[in-house]
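Enquirer: Quick mapping for you: the protein sequence lines, in order, are chains L and B. Going by our numbering, the first sequence opens with residue 1, and the numbers climb by one from there. Going by our numbering, the second sequence opens with residue 1001, and the numbers climb by one from there.
All clues given are correct.
Derived DSS-like pairs: lysine-lysine, alpha-carbon spacing no greater than 30 angstroms straight-line: (1) B/Lys1014 x L/Lys48; (2) B/Lys1081 x B/Lys1061; (3) B/Lys1092 x B/Lys1070; (4) B/Lys1039 x L/Lys48.
Simulated DEER-style distance windows between Cβ atoms: (5) B/Val1110 x L/Ser63: 35 to 43 angstroms; (6) B/Lys1046 x L/Cys44: 12 to 20 angstroms; (7) L/Cys44 x B/Gln1099: 33 to 41 angstroms; (8) B/Leu1111 x L/Val127: 43 to 51 angstroms; (9) B/Arg1091 x L/Pro93: 45 to 53 angstroms; (10) L/Ile81 x B/Asp1066: 30 to 38 angstroms; (11) L/Leu36 x B/Asp1080: 21 to 29 angstroms; (12) B/Val1049 x L/Pro40: 16 to 24 angstroms; (13) B/Ala1085 x L/Phe6: 25 to 33 angstroms; (14) B/Lys1070 x L/Asp33: 24 to 32 angstroms; (15) B/Glu1018 x L/Phe6: 25 to 33 angstroms; (16) B/Phe1072 x L/Ala62: 23 to 31 angstroms; (17) L/Pro93 x B/Lys1092: 47 to 55 angstroms.
Covered stretches of chain B, going by a simulated chain L footprint (3 or more residues, C-beta under 8 angstroms): (18) 1033-1039; (19) 1042-1055; (20) 1058-1068.
Source of the hints: derived by calculation from the structure; they are not laboratory data. Glycine included, each C-beta is placed from N, C-alpha and C at the ideal position.
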Amino acid sequence: MAIMRFVLWLYPRRFRERFEKEMLQTFAAGDADQRLRGMPAHGCFLAKEILGAVKGLLFELASQQQFETNAQRLTAVALAIALQAVLYSALLPIGPKAAASTGRWLLFIGLCGLLLAALANFLRAIVHRSRLNLEDQ
Amino acid sequence: MRHVAGEPIAYHGKSLTEPVFFILLSLAGKPLHGYGLMKDIEILSKGRVRITTGTLYGAIKRLLEDGSIKPFAQEDSSRDKQAYAITAAGRKQLDAEIQRLKSMTATAAVLLREA
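Extracted from the complex, chain L is given alone in its bound form (with noise of 0.2 angstroms):
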């Protein structure tokens, strides 16, 4: 419940007012229930929802384009060296060099993307700001 709460205080403030407790309460209803089938089903059953909310966060974010606070920054920042660290792991079988050449274009591309979302947030603040003014005139 603690990584749900935490993974569900990333979420975009609109998005958390409306729908966090609904969330919280669906995610307790099948905690209960998975419970009570195993441990090995109750594991499976976290894992899948805790990285369904993560998947729903990028989502939401992604749509939203915008953190609200320094703290939601630097958690996005620790995320995302952490996922970029169980990437490496994961690539490292098929050989240390690759892993990282894979991994460094994996970062190039993400970049790539941050960068083209700061660029489309900052065109949409003009287009925004100058038809404020042309309203105001």
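Start from chain L and add chain B according to the hints.
Expert: Showing chain B alone in chain L's frame:
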């Protein structure tokens, strides 16, 4: 793209994702809350589709935004769970998707018979 003569293409709209399709299908029966939806979808899909809380509420948010579902006020207000119900627009979307799937399977059946 090959078109099979005599098979009308009934639907040209955007297809629904599998979780969204099952959410609408599940709500077409009766209004449900989050966990009820998750369980119902598992039963409807015979255990093939198991959606997580994150996926479910992401889809619910988008369906609420485009007016396909709406919050449903339960008579028993002591139950603190928010239920959702399908709207007329959501039902139309679901019918259109079913038509699209029927059209696809009909096309596939004709093609496989020809082959």
